[in-house]
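Visitor: As a plain string of letters, each chain reads:
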Amino acid sequence: MAKIIGGIGTSHVPTIGVAYDKGKQDDPAWAPLFAGYKPVADWLAEKKPDALVFFYNDHATTFFFDLYPTFALGIGERFEIADEGAGKRPLPAVRGNVDLSIHIAESLVNDEFDITTFQDRAIDHGCASPLPLLWPHAPDWPGAIVPIAINVLQFPIPTAKRCYKLGQGLRRAIESYPEDLKVVVVGTGGLSHQVHGERSGFNNEDWDMEFLDLFVNNPDELTKLRHADYIRRGGAESVEQIMWLAMRGALEGKIRELHRSYYLATTTAMTVTLYEPV
Amino acid sequence: MNPQLAGLDDLQGTYVFDLRVSHRAMKLNRFLWNMIGAPARDTFKADPVKAMTEAGLSAEEQELVRKEDWIGLIRYGASFFVLEKFARVAGRTNLEVYAMMRGETFDDFMKTRRVPECR
Ligand SMILES: [Fe+2]
Numbered sequence: 001m002a003k004i005i006g007g008i009g010t011s012h013v014p015t016i017g018v019a020y021d022k023g024k025q026d027d028p029a030w031a032p033l034f035a036g037y038k039p040v041a042d043w044l045a046e047k048k049p050d051a052l053v054f055f056y057n058d059h060a061t062t063f064f065f066d067l068y069p070t071f072a073l074g075i076g077e078r079f080e081i082a083d084e085g086a087g088k089r090p091l092p093a094v095r096g097n098v099d100l101s102i103h104i105a106e107s108l109v110n111d112e113f114d115i116t117t118f119q120d121r122a123i124d125h126g127c128a129s130p131l132p133l134l135w136p137h138a139p140d141w142p143g144a145i146v147p148i149a150i151n152v153l154q155f156p157i158p159t160a161k162r163c164y165k166l167g168q169g170l171r172r173a174i175e176s177y178p179e180d181l182k183v184v185v186v187g188t189g190g191l192s193h194q195v196h197g198e199r200s201g202f203n204n205e206d207w208d209m210e211f212l213d214l215f216v217n218n219p220d221e222l223t224k225l226r227h228a229d230y231i232r233r234g235g236a237e238s239v240e241q242i243m244w245l246a247m248r249g250a251l252e253g254k255i256r257e258l259h260r261s262y263y264l265a266t267t268t269a270m271t272v273t274l275y276e277p278v
Numbered sequence: 279m280n281p282q283l284a285g286l287d288d289l290q291g292t293y294v295f296d297l298r299v300s301h302r303a304m305k306l307n308r309f310l311w312n313m314i315g316a317p318a319r320d321t322f323k324a325d326p327v328k329a330m331t332e333a334g335l336s337a338e339e340q341e342l343v344r345k346e347d348w349i350g351l352i353r354y355g356a357s358f359f360v361l362e363k364f365a366r367v368a369g370r371t372n373l374e375v376y377a378m379m380r381g382e383t384f385d386d387f388m389k390t391r392r393v394p395e396c397r
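Here the protein sequences come in this chain order: B and F. At position 120 of the first sequence (counting the first as 1) the number is 120 in the numbering used here, and the numbers step up by one without a gap. Heads up: take any position in the second sequence, counting from 1, add 278, and you land on the numbering used here.
Don't read these hints as lab results, they were simulated from the structure. Hints should not be assumed to be uniformly reliable.
[As the list claims (entries may be wrong)] Here are the computed lysine-lysine pairs in the DSBU-like style, where the Cα-Cα straight-line distance is at most 35 Å: (1) F:Lys389 with B:Lys38; (2) B:Lys88 with F:Lys328; (3) F:Lys323 with B:Lys88; (4) B:Lys161 with F:Lys305; (5) B:Lys88 with F:Lys345; (6) F:Lys389 with B:Lys88; (7) B:Lys88 with F:Lys305; (8) B:Lys22 with F:Lys323; (9) F:Lys389 with B:Lys24; (10) F:Lys389 with F:Lys323; (11) B:Lys24 with F:Lys323; (12) F:Lys345 with B:Lys22; (13) B:Lys24 with F:Lys345; (14) B:Lys3 with B:Lys48; (15) B:Lys161 with B:Lys38; (16) F:Lys389 with B:Lys22; (17) B:Lys161 with B:Lys254.
[Claimed, not checked] Footprint (simulated), chain B over chain F, 3 or more residues, beta carbon under 8 Å: (18) 301 to 315; (19) 361 to 369.
[Claimed, not checked] Some, not all, of what chain F presents toward chain B, calculated at C-beta under 7 Å: (20) Gly291; (21) Thr292; (22) Tyr293; (23) Phe358.
Just so it is clear, CB atoms sit at the ideal spot from N, CA and C, and this is done for glycine as well.
The following block holds chain F by itself, in its conformation from the complex (with noise of 0.2 Å):
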């Protein structure tokens, strides 16, 4: 255990991305980070299926990209700065993503911030 994390398992909803989890879910991890090369991106969008088999993902992690499953992916271990590279593929903002992970509709996240309209 890191001492500079210990102490923080009470803490609901919160997933360190250490190296432990970061060695488990690399595979994943670099096929979301692909996602900021524009040939990668067509490549997704032309056969996802055929780009995730090719990059070694298991048929577990794949189900959660063809999902957007973003909190399973988190669980799994995905860092989120990765994932938001995704979600640019996926057409999804940031918030929506927020919104998601916390299972909650947009509309009634957003109500939840200070300032709604600053999107």
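Extracted from the complex, chain B is given alone in its bound form (with noise of 0.2 Å):
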């Protein structure tokens, strides 16, 4: 049987990549950020996951506003990485697992929880931007990537506990998948930041450290905030956090943070950190 054997939170800002494909792992203002995800890709190589779950949004790269999947799994041999505007980034297509992918469409549906998938679509940063520095992908990826787009662009958008659920179901459809495949669950987005209107370049490192301390210790908490408790608290955009809460669902229960890289160098706060089940 498959088996989550940890969780990662990770930010997606753009940047990230933009960063990654320049080169700037020794830039003194990006090292920082560099370093914060190192102890995150020892920890990958060393377990050698076959997969990651990837909960992530799209940013209308992918779909369109005139079909919104409110949650939408991907299913393919292979992702292509999109072009979101500045052209094609120098990355291999990510791979996919049909098989594992289909179970999961299947074993969430089944469940309850009527999930749209989608095919031959190239995905955007919100999984590809922090994916390099996890992962290598010379000569290739070494393992494959589960993408489940959650909207949070077009409100309505799920609730916390919604995507907390979403979380809590696909660890029944890992744990019912027959391959004896290592699996490890991603929540990316935020921290505090917001990208639209006035307001844009608010942070609120505070809210961050307590949403981080919560997030181990007392998730529940965090599944009852509303959006305008988000949007309020850390910036409009970092209501996105919730797909971090999908990523804690599937962790349920009690769980040691390993890892946690916290940096503010602009307007969003670039965190990663690092989960095991206890």
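Both chains come to you apart, so use the hints to assemble them.
Guide: Right, here's the structure in full:
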């Protein structure tokens, strides 16, 4: 049977991808960011998971608002990385695992979680910006991803609690997969930031720390917050942190935080954390 | 009113993008979204007015795009996430767009940041 061996929380700021592509690993302004991912990359290299399930959001790239899925699971041997207006990134297409993706879709839907599925579509920075900091991509990615996109752009978006429940459903799906795969669940987004309107550039470090602590010790409290609470405390776009709660739902119960890195340089509190079930 | 969003009326400088806004500004947002495709970028660069007219943009919408009025576009109903695709075409970084939405010069905005060199 497949098993969830850990969880990762990570920002997915597009500039992380830009800095990576430009080779800014040793630039003093960027070095702390890259250093923050190193222990997580090392852990992944040591544990060698077969798959990373990514709870992430599309940024109106793969989907447009004329048909914007609340939850959408990707199926494919490969996922191309999307051109978001600045051209293609120099990265190989990410590997997928068709059987695992289909099993998760079947399990979720039969579990009354009626998820949308997509195929043959490129995925954007929501998934692709942190990925090369976690996994090497030369000559090829070491494992597969299962992308699960969550609408956090066009309200109504799912509640924090619903995301948590999606994670619980994912766990049932993984644990009923017959192959002995090791799976890590990744929740992306945040932390505090706002990127639209005159309030752009808003951050709240105190709230970020509180969020990270509650995330480990009392996630129930985070699932009770409304979108308005996230918007007020962490900035409008920080509402995407509800995607971390999907990862937390998949790791329900006691977890241990093995790593936390937090780097607030310009506008988004760039964060990466690592958890293991206890 | 969506109860998940109630109580934000006093929050300045924040424009919630919901289905009402999306429905109203559909053509504008689709036009901005199309900038993820190289052909649409080329068409726009070759003849912006023709590209916008063919996309069905109103005179008001065309003016906002032509002036690269970022905060005006947001207030009108553009989603930032398609606006940033157009920003790439306009040769603007997100940091520059944030500064302009705040009504600040880029240098003044960057002075408010912890690591201004991180760009
Ligand atoms: Fe995002």
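Visitor: For every hint, state whether the structure bears it out.
Guide: Status of the hints after comparison with the structure:
no., hint, verdict
1, F:Lys389 with B:Lys38, "holds, 29 Å"
2, B:Lys88 with F:Lys328, "holds, 26 Å"
3, F:Lys323 with B:Lys88, "holds, 19 Å"
4, B:Lys161 with F:Lys305, "holds, 33 Å"
5, B:Lys88 with F:Lys345, "holds, 27 Å"
6, F:Lys389 with B:Lys88, "holds, 32 Å"
7, B:Lys88 with F:Lys305, "holds, 26 Å"
8, B:Lys22 with F:Lys323, "holds, 26 Å"
9, F:Lys389 with B:Lys24, "holds, 22 Å"
10, F:Lys389 with F:Lys323, "holds, 33 Å"
11, B:Lys24 with F:Lys323, "holds, 31 Å"
12, F:Lys345 with B:Lys22, "holds, 30 Å"
13, B:Lys24 with F:Lys345, "holds, 33 Å"
14, B:Lys3 with B:Lys48, "holds, 13 Å"
15, B:Lys161 with B:Lys38, "holds, 31 Å"
16, F:Lys389 with B:Lys22, "holds, 24 Å"
17, B:Lys161 with B:Lys254, "holds, 18 Å"
18, 301 to 315, "holds (count 7)"
19, 361 to 369, "holds (count 7)"
20, Gly291, "holds, 3 Å"
21, Thr292, "holds, 5 Å"
22, Tyr293, "holds, 5 Å"
23, Phe358, "holds, 4 Å"
Going through the hint list in order, the structure satisfies each hint without exception.
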